[in-house]
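Once you know that position 130 of the sequence shown is 130 in this note's numbering, the rest is easy, because the numbers rise by one and skip nothing.
Since the hints were derived computationally from the structure, they do not count as laboratory data. In this text, all values refer to a predicted model and were calculated from it rather than measured experimentally. Heads up, a few of these hints could be off.
[Unchecked claim] In the EDC-like style, the derived pairs of lysine to aspartate or glutamate whose C-alpha atoms are separated by at most 20 Å in a straight line are: (1) K212 - D169; (2) K212 - D178; (3) K212 - E242.
[What the hints assert, rightly or not] Estimated spans, in silico, between C-beta atoms of each pair: (4) G243 - P17: 30 to 38 Å; (5) D57 - A236: 42 to 50 Å; (6) A236 - A113: 40 to 48 Å; (7) A32 - A145: 41 to 49 Å; (8) H198 - L95: 39 to 47 Å; (9) A32 - D139: 17 to 25 Å; (10) P231 - R39: 21 to 29 Å; (11) A58 - G234: 23 to 31 Å; (12) G120 - A70: 29 to 37 Å; (13) H167 - P231: 33 to 41 Å; (14) A70 - A32: 44 to 52 Å; (15) A269 - A240: 20 to 28 Å; (16) A67 - P17: 25 to 33 Å.
Beta carbons: idealized from backbone N, C-alpha and C, even for Gly.
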Amino acid sequence: MAEYPSLSGSVSRPPGPALAPFVDVLWASDGAEPPGGCRRELMLPAESLHLVLRLGDAPLRIFRDPADDAGFTVSTAVVGGLRTGPYLRDVSRQLPSVGAMLRPGAAGLLLGAPAAAFSGAHTPLADVWGDSALDRLRDRLSGAASLARRLDLFEEALAARLPNLRHIDPRIAQALGDFAVARPVGEVVRRLDTSHRHFTRLFRDAVGLSPKAWCRLARFGRVLDRLGAEPGIGWAELAAAEGYADQAHLSREFRAFAGLSPADYRRRAPWSPRHVPL
Numbered sequence: 001m002a003e004y005p006s007l008s009g010s011v012s013r014p015p016g017p018a019l020a021p022f023v024d025v026l027w028a029s030d031g032a033e034p035p036g037g038c039r040r041e042l043m044l045p046a047e048s049l050h051l052v053l054r055l056g057d058a059p060l061r062i063f064r065d066p067a068d069d070a071g072f073t074v075s076t077a078v079v080g081g082l083r084t085g086p087y088l089r090d091v092s093r094q095l096p097s098v099g100a101m102l103r104p105g106a107a108g109l110l111l112g113a114p115a116a117a118f119s120g121a122h123t124p125l126a127d128v129w130g131d132s133a134l135d136r137l138r139d140r141l142s143g144a145a146s147l148a149r150r151l152d153l154f155e156e157a158l159a160a161r162l163p164n165l166r167h168i169d170p171r172i173a174q175a176l177g178d179f180a181v182a183r184p185v186g187e188v189v190r191r192l193d194t195s196h197r198h199f200t201r202l203f204r205d206a207v208g209l210s211p212k213a214w215c216r217l218a219r220f221g222r223v224l225d226r227l228g229a230e231p232g233i234g235w236a237e238l239a240a241a242e243g244y245a246d247q248a249h250l251s252r253e254f255r256a257f258a259g260l261s262p263a264d265y266r267r268r269a270p271w272s273p274r275h276v277p278l
């Protein structure tokens, strides 16, 4: 399940039918400060690419680690690629923003480059769409009278790219459907009647990670979603429900993706499953 802002001063919705095969959800925020006045936020990985436009002059700032006081800036408009670990970002200066979570397998079609090209990084959106097109879109979004209108304009800009799109590779669509019902990678490869090496290359280009890494990340995402829906669930029960060998296995995987132990994550009481205040 995709993750998107749920704070006050934000709206989100699925796209219309034309964009639905490519985009999971659209969101817009008015730039309200995060709860508690925190200045940094640990962002946990999700299983799809994210487009974000900040409507102001303060670019996204990322810190290399908790001891890094200066950090580095990327851009005011970025493509967030798939990753298998968290990153630390500055939330001390929030700006009005719009964004879209792209469906797995669709990012390369909408962005014009393999999803693997964005993996593990934040790429300036201007490198993909060009400065002039992005400036025009930013001007239109900034002049919108409401968050809902911003979403409409952003959706129009994404839909304008559709005439040059192909459909998602049916092999990728089938694999994602099989993984959603927990079919093992080996069985999926056999069902597609292809070699493991060829399928891995095809999947990595389309989705951004290897099949095994994506399945692990998707299961971690389901854990976060369940924690948000059932905050009191026990770790052993959660491990069994999501197919981990045992609680220790869940703990190892959780720490690998989140950079935190499950207990530390729960203690920090995130206001949204992938947004952990520091």
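Now the hints, each set against the structure:
1. Of the pairs offered as hints, the one joining K212 and D169 holds, with about 19 Å between alpha carbons and a cut-off of 20 Å not exceeded.
2. A threshold of 20 Å between alpha carbons decides the hint, and for K212 with D178 the separation of about 13 Å falls inside it, so the pair holds.
3. Taken as a hint, the K212 and E242 pair is honoured in the structure, with Cα atoms around 16 Å apart against an allowance of 20 Å.
4. Between G243 and P17, the C-beta spacing of about 33 Å keeps the proposed range 30 to 38 Å intact.
5. Taking 42 to 50 Å as the suggested C-beta distance range, the pair D57 and A236 conforms, at roughly 49 Å.
6. Distance hint check for A236 and A113: the Cβ-Cβ separation is about 43 Å, which falls inside the suggested range of 40 to 48 Å.
7. At about 18 Å, the CB distance of A32 to A145 disagrees with the hint of 41 to 49 Å.
8. For H198 and L95, the hinted distance range of 39 to 47 Å is satisfied, since their beta carbons lie about 43 Å from each other.
9. As the Cβ distance of A32 to D139 is approximately 23 Å, the hint placing it in 17 to 25 Å holds.
10. P231 and R39 have their C-beta atoms about 25 Å apart, which keeps the hinted 21 to 29 Å range intact.
11. Between A58 and G234, the C-beta spacing of about 41 Å breaks the proposed range 23 to 31 Å.
12. Distance hint for G120 and A70: a CB-CB separation of about 21 Å, inconsistent with the stated range 29 to 37 Å.
13. Between H167 and P231 the beta carbon distance is about 39 Å. The supplied range of 33 to 41 Å therefore holds.
14. A beta carbon spacing of about 26 Å between A70 and A32 contradicts the range 44 to 52 Å that was offered as a hint.
15. For A269 and A240, the Cβ-Cβ distance of about 24 Å falls inside the hinted range of 20 to 28 Å, so the restraint holds.
16. A hinted range of 25 to 33 Å for the beta carbons of A67 and P17 is inconsistent with their spacing of about 48 Å.
Consistency with the previously given hints fails for numbers 7, 11, 12, 14, 16, ordered from lowest to highest.
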